[in-house]
Amino acid sequence: MDYRAVLRIVLIGALLLGLIALPSLVEKDSIINLVVLILLYVTLASSWNILGGYTGQTNLGHAAFFGLGSLVTRMLWTSGFPLFPSMLLGCAVAVALALIIGVPAFKLRGAYFAIGTLALGQVLFVTVGNEFPLISALPAKALASYELLPRYYFFVGMAVVTVAASYLLAHSRLGLGMMAVREQEDAAESLGVSALRHKLIALVISAFFAGLAGGGFAFYHVSYYPQFPFAPVWTFDAVMMTYIGGVGTIVGPVIGALFYVVIKEYLALNLVELHLIVFGTLFILVVLFLPGGLVEAWSKIRRQYLRRTTPKEVEPSTTD
Amino acid sequence: MLEPLAQSLVFGVLVGGIYGLAALGLSLVFGVTKFLNVSHGELLMFGGYASFWVFVLWGVDPFLTIPFAVIFLALIGLVLYKLLFARMVKLPEEVKIRNTLLIGFGLSLILQNIALRLWTADDRSITTFYSGAAITFLGVRFPVVRLISLGIALVCFLALHQFLHRTFTGKAIRATVEDWEAAAMMGIDTQRVSQLAFIIGASLAGIAGTLVAIGYSIDPSMGLEWTLVALITMVLGGLGSIMGTLVGGLLLGVTQAATSFFLGGTYREIVGLLIFLLVLVLRPQGLLGTKRE
Amino acid sequence: MLEITNISAYYGDLQALWDISLIVNEGELVALVGPNGAGKTTSLRVITGLLRSPTGSVRFVGTDLGRLTTHRIVELGISQVPEGGRVFAEMSVLENLELGAFVSDARKQRQETMAWVFKIFPRLEERITQRAGTLSGGERQMLAIARALMSKPRLLLLDEPSFGLAPILVEQMFEMITGINRQGVTVLLIEQNVRAALELAHRAYVLENGRIVGQGHGEELLSFESVKSAYLA
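Residue numbers (our numbering), protein chains in the order written: chain A, -6 to 313; chain B, 13 to 305; chain C, 43 to 275.
Each hint should be verified, as a subset may be incorrect.
With a Cα cut of at most 30 angstroms, we get these calculated DSSO-like pairs of lysine-lysine [unchecked claim]:
hint, chain 1, residue 1, chain 2, residue 2
1, A, Lys293, B, Lys102
2, C, Lys161, B, Lys102
3, C, Lys194, C, Lys150
4, B, Lys46, B, Lys102
5, B, Lys108, A, Lys293
6, A, Lys100, B, Lys94
7, B, Lys102, A, Lys257
8, A, Lys293, A, Lys21
9, B, Lys108, B, Lys46
10, B, Lys102, A, Lys100
11, B, Lys94, A, Lys293
12, A, Lys293, A, Lys257
Which residues of chain B face chain A? A few of them, derived with a C-beta cut under 7 angstroms, are [unchecked claim]:
hint, residue
13, Ala145
14, Ile147
15, Leu243
Note that these hints are calculated values from the structure, not bench results. Using N, Cα and C, we set each Cβ at its ideal position, and we do this for glycine too.
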């Protein structure tokens, strides 16, 4: 199986090179903006996946972290604070929220956690909408010096870091513990895996990267609506993408994000506003019939192909 | 100072009845099937639109559009159940709850966007010649439409209560809520009971939607807000208690009204959500419910 | 009447029953005994369809139950009193009994059946409007059995009816069970109280670790550890 690992590294390397070289290869800003959107979603979906996919806790208020990272970054940065510290503070505030709500939130299991986080997300959304101005623009100096490229590369870096963190987490003992909690929380507890600790850590990591995505979002946009990043649609998009791509996997959110933006662009050309209906349907189909998403579909196709070429390969047992 | 407050509270009570009705359907479905259908608000929205169009196209009196909404939602409920939820009934509880939550969630997006495409994002409202009429009592205005709506909501509560307690099917539903395996051992077809509960739940949502369209306004994006209202009311009133749901709805309505009065309208929605979160964490069976499991 | 052939059962990947076969003839009172965790309740769940066996078959008066849903199996004439009775605590004694007669044929005759049931369990008639949750343990158990009888079953499955009952109630319980059997109801009895079970039953099967290790009449089964220890206890 060594050739597969090598192939993987080569592909990832090619992808990274492609991303880095993209601005010099394409003329139109619109394509760069599209890729920025994909990278944003990759980060947001991956961050959700850590709590939702690895640890199995469905957080329907994820936009709160995204929003906080965004809001704090924007506020600090537009009042003169340097950019990266602003972003870090944005992440810190998101993490702070995670720590505050973590213990009480995880008293709730399953569906109750989901609707609890849904309510919490809504509280933040409405509060920010009430307390903050409808729109803010970049101060004149920043506006004049607005450049797309640095922002593009920031997003590349942000997405790479997030996916790398996902990868490392998935292969760590911590990640293993999280997945144990997802599968059989009570059984995991009896084996000495502290469910609460793992959930909290997953929540914090998830919040951090969502906050980071929020920071990027604040950095990127010229005109800014403080309430917008808190909107439930960000959570819903992240959830759908992750599931369609393959919840609980490392590349699932990445594939889902790519798939989503590409299909949305295509549909926007032909059938306006239909993309959410299409995705909602795909999402339901995935939940019902293909819980592993596109990742699972791909591995099934590959196994079919392998079975035809190497008939002696042992059929792995599938237990539901 | 007292009159405006009393007026505010009266409005709170009047909307609270509809809150209770919105929650009733969800509570029934959850009790029987353990599905938490987070697209319940969208079903309510569709009920409102069904009534709206029947009213606009055929000139039917607003309250008489209710049967149309009921039939429309009953059909939608049946289709959705057979297509999506029926296969979930036998699954182990944790998987069932998670999957139906996700499906409901996807469904809410689909339904919201279908409504958006069909009917645009404009607010709609059913207004008729008596929409402005009100009874004034002790200086407080009681809008006639909202009074009738409260009355209809109360009738629905009563009707459901009677159904569950006096008919064989109703008792079968209650038995399934308590212990579905034991119910199956009685020869109760739990699959059909689940289906019936889902259809009734959708129909109740439809009636609530009509009342919202008549007394207030509807638009495609109202779903989430009303799903949350239903959830809050359900949790406040206690899972498994019909009368509790009514009380929960009234409580929410009044609390929102009081908050709006003293702290300003922007905090209306938040206070309900915060109470919800508190109750959820501290007393998940609700203020009036019985502790189960 | 009831013919179980080579069934097995799994909870997920965990196998609980291996190759179980047993027969209950019409009119008999057959006991299934064995230590805790042997798989007795699991066997009942396979019969009533709450658990499916990937192997073998369960036939009731010739009909294969393997593909039927639980409520269809009940309609055919099998009634179960699960472990602990599982009465509907929020509902009254009367409502519980009414629900027992849910099956359509039984529903029409429920007045008569209830009269019959009250003859066997007079205490229940006194408590007819009480919420089942307020009954004592013994009364709840009686209600559970009475409820199961309301569907006028041909085969009654009893899962540990004496569990948790005071000794004097246990004796009464077994008398009632024998009485029910004599009135024509075939009974498959699961009991931890091995001694009593063997005295009541026409025949018995011994289940250990998910397998049938023996069958026969009272004394024949003394050679089995689980049976012997019950007598020595």
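*asked:* Tell me if the straight-line CA distance from lysine 108 of chain B to lysine 46 of chain B falls inside 30 angstroms.
replied: 8 angstroms, holds
_Hint status (Cβ of alanine 145 of chain B to nearest Cβ of chain A, threshold 7 angstroms)_ = 33 angstroms, violated
*Should the interface hint for isoleucine 147 of chain B be scored as holding, given a Cβ-Cβ cut-off of 7 angstroms against chain A?*
Given a least distance of 33 angstroms, the restraint on isoleucine 147 of chain B is violated.
*Restraint status (C-alpha distance of lysine 194 of chain C to lysine 150 of chain C at most 30 angstroms)*: 11 angstroms, holds
*Please work out if lysine 102 of chain B and lysine 257 of chain A have their alpha carbons no farther apart than 30 angstroms.*
36 angstroms, violated
*Could you grab the alpha-carbon distance between lysine 293 of chain A and lysine 102 of chain B and see if it respects the 30 angstroms cut-off?*
This hinted pair holds, its Cα atoms lying about 26 angstroms apart.
_Check whether the Cα positions of lysine 94 of chain B and lysine 293 of chain A lie no farther apart than 30 angstroms._
Satisfied, since the Cα-Cα distance of roughly 28 angstroms is no more than 30 angstroms.
*Holds or violated: lysine 293 of chain A to lysine 257 of chain A, with C-alpha atoms at most 30 angstroms apart*: 26 angstroms, holds
*asked:* Tell me if the straight-line CA distance from lysine 293 of chain A to lysine 21 of chain A falls inside 30 angstroms.
replied: Distance of about 38 angstroms is beyond 30 angstroms: violated.
*Hey, lysine 161 of chain C versus lysine 102 of chain B, does the alpha-carbon distance stay inside 30 angstroms?*
With Cα atoms ~38 angstroms apart, lysine 161 of chain C and lysine 102 of chain B exceed 30 angstroms; violated.
*Minimum Cβ distance from leucine 243 of chain B to chain A below 7 angstroms?*
Holds - the Cβ of leucine 243 of chain B comes within 7 angstroms of chain A, reaching about 6 angstroms at its closest.
_Pair hint lysine 100 of chain A and lysine 94 of chain B, alpha-carbon separation not exceeding 30 angstroms_ = 34 angstroms, violated
When each numbered hint is compared with the structure, violations occur for hints 2, 6, 7, 8, 13 and 14.
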